[in-house]
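J.: Residues per chain, in single letters:
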Amino acid sequence: DAGVIQSPRHEVTEMGQEVTLRCKPISGHDYLFWYRQTMMRGLELLIYFNNNVPIDDSGMPEDRFSAKMPNASFSTLKIQPSEPRDSAVYFCASSLELGQGGYEQYFGPGTRLTVT
Amino acid sequence: AQSVAQPEDQVNVAEGNPLTVKCTYSVSGNPYLFWYVQYPNRGLQFLLKYITGDNLVKGSYGFEAEFNKSQTSFHLKKPSALVSDSALYFCASDRGSTLGRLYFGRGTQLTVWP
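For the protein sequence lines, the chains are A and B, in the order given.
Take 191 as the starting number for the first sequence in this note's numbering and just add one per residue.
Take 2 as the starting number for the second sequence in this note's numbering and just add one per residue.
Wrong hints could be hidden among the right ones.
[Said to hold, decoys possible] DEER-style ranges, computed between Cβ atoms: (1) B:R43 with A:E208: 36 to 42 angstroms; (2) B:T53 with A:P274: 44 to 50 angstroms; (3) A:E204 with B:K70: 51 to 57 angstroms; (4) A:E208 with B:N69: 44 to 50 angstroms; (5) B:P41 with A:N241: 30 to 36 angstroms; (6) B:P41 with A:M205: 23 to 29 angstroms; (7) A:P198 with B:L83: 28 to 34 angstroms.
[As the list claims (entries may be wrong)] Covered stretches of chain B, going by a simulated chain A footprint (3 or more residues, C-beta under 8 angstroms): (8) 7-15; (9) 64-73.
[To be verified] For lysine to any residue, the following SDA-like pairs were computed, each having C-alpha atoms within a straight-line distance of at most 25 angstroms: (10) B:K50 with A:E234; (11) A:K268 with B:K23; (12) B:K23 with A:L235; (13) B:K23 with A:K214; (14) B:K23 with A:T228; (15) B:K59 with A:Y296; (16) B:K23 with A:E234; (17) B:K78 with B:T109; (18) B:K50 with A:K258; (19) B:K78 with B:Q7; (20) B:K23 with A:V202; (21) B:K50 with A:N241; (22) A:K258 with B:G101; (23) B:K59 with B:S71; (24) B:K78 with A:L236; (25) B:K59 with B:Q39; (26) B:K50 with A:Q227; (27) B:K50 with A:Y296; (28) B:K50 with A:P271; (29) B:K23 with A:M229; (30) A:K214 with B:Q46; (31) A:K268 with B:Y104; (32) B:K59 with A:G193; (33) A:K268 with A:V202; (34) A:K214 with A:P271; (35) A:K214 with B:P41; (36) B:K50 with A:I216; (37) B:K59 with B:V14; (38) B:K50 with A:V202; (39) B:K23 with A:E294; (40) B:K70 with B:R43.
It is worth saying that the hints were derived from the structure and are not from the lab.
Ideal Cβ positions, reconstructed from N, Cα and C, are used throughout, including at glycine.
Model the full structure from these sequences, guided by the hints.
T.: This is how it looks when you write it as structure tokens:
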């Protein structure tokens, strides 16, 4: 398996622009997670899905952030409009259900977002 | 409420010496506990997990961790450190729930000196 795939790997955009990050989870995984990592705040969970349904979006910072999972093999995280404080590395991760071997999450390589 | 705590932001050890990266948890019941490693400019990689059974768990790259219920700890250990072990290490817990998410510690930067 290719693992979790994220695109783009790097994104540089200007303040006010819309940014869309994409994720393809590992085939057969039931959970999908979006995280943000910064030096100041560490690793933060933004939102996660189970079987394509959002379970907890309490970590989404503001209404400027939205996430969708239209099918089991694709998810997007959108920021509109973007701001400099959104600059971070965004990770997508996926995992199986507990009954299928445990909770370990598999992380993608991340998207490094810079908003100028 | 914090579920896992990593009391050390940084750990420095000489190559060949044993290493320990500490993690304590504050979850009631029987939590699942995990260790992940992050190399520069990479995503987190799963190292090992404790679910139930033997308190000593062996994982990837020669790492192991010991679950200690009385001390509520899950320290990561390796008998002989390598320079290539230098990375950021995260402890995580599920808080004893079945909701699927993990709660990560702040991370500990391990530096192994040659």
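J.: Work down the list of hints and note, for each, if the structure agrees.
T.: So, going through the hints one by one against the coordinates:
no.: 1; hint: B:R43 with A:E208: 36 to 42 angstroms; verdict: violated (27 angstroms)
no.: 2; hint: B:T53 with A:P274: 44 to 50 angstroms; verdict: holds (46 angstroms)
no.: 3; hint: A:E204 with B:K70: 51 to 57 angstroms; verdict: holds (52 angstroms)
no.: 4; hint: A:E208 with B:N69: 44 to 50 angstroms; verdict: holds (49 angstroms)
no.: 5; hint: B:P41 with A:N241: 30 to 36 angstroms; verdict: holds (34 angstroms)
no.: 6; hint: B:P41 with A:M205: 23 to 29 angstroms; verdict: holds (27 angstroms)
no.: 7; hint: A:P198 with B:L83: 28 to 34 angstroms; verdict: holds (33 angstroms)
no.: 8; hint: 7-15; verdict: violated (count 0)
no.: 9; hint: 64-73; verdict: violated (count 0)
no.: 10; hint: B:K50 with A:E234; verdict: holds (20 angstroms)
no.: 11; hint: A:K268 with B:K23; verdict: violated (36 angstroms)
no.: 12; hint: B:K23 with A:L235; verdict: holds (22 angstroms)
no.: 13; hint: B:K23 with A:K214; verdict: violated (33 angstroms)
no.: 14; hint: B:K23 with A:T228; verdict: holds (22 angstroms)
no.: 15; hint: B:K59 with A:Y296; verdict: holds (18 angstroms)
no.: 16; hint: B:K23 with A:E234; verdict: holds (21 angstroms)
no.: 17; hint: B:K78 with B:T109; verdict: holds (13 angstroms)
no.: 18; hint: B:K50 with A:K258; verdict: violated (30 angstroms)
no.: 19; hint: B:K78 with B:Q7; verdict: holds (14 angstroms)
no.: 20; hint: B:K23 with A:V202; verdict: violated (37 angstroms)
no.: 21; hint: B:K50 with A:N241; verdict: holds (24 angstroms)
no.: 22; hint: A:K258 with B:G101; verdict: holds (18 angstroms)
no.: 23; hint: B:K59 with B:S71; verdict: holds (20 angstroms)
no.: 24; hint: B:K78 with A:L236; verdict: violated (30 angstroms)
no.: 25; hint: B:K59 with B:Q39; verdict: holds (18 angstroms)
no.: 26; hint: B:K50 with A:Q227; verdict: holds (22 angstroms)
no.: 27; hint: B:K50 with A:Y296; verdict: holds (13 angstroms)
no.: 28; hint: B:K50 with A:P271; verdict: violated (39 angstroms)
no.: 29; hint: B:K23 with A:M229; verdict: holds (20 angstroms)
no.: 30; hint: A:K214 with B:Q46; verdict: holds (17 angstroms)
no.: 31; hint: A:K268 with B:Y104; verdict: holds (23 angstroms)
no.: 32; hint: B:K59 with A:G193; verdict: holds (23 angstroms)
no.: 33; hint: A:K268 with A:V202; verdict: holds (14 angstroms)
no.: 34; hint: A:K214 with A:P271; verdict: holds (24 angstroms)
no.: 35; hint: A:K214 with B:P41; verdict: holds (22 angstroms)
no.: 36; hint: B:K50 with A:I216; verdict: holds (20 angstroms)
no.: 37; hint: B:K59 with B:V14; verdict: holds (21 angstroms)
no.: 38; hint: B:K50 with A:V202; verdict: violated (36 angstroms)
no.: 39; hint: B:K23 with A:E294; verdict: holds (20 angstroms)
no.: 40; hint: B:K70 with B:R43; verdict: violated (32 angstroms)
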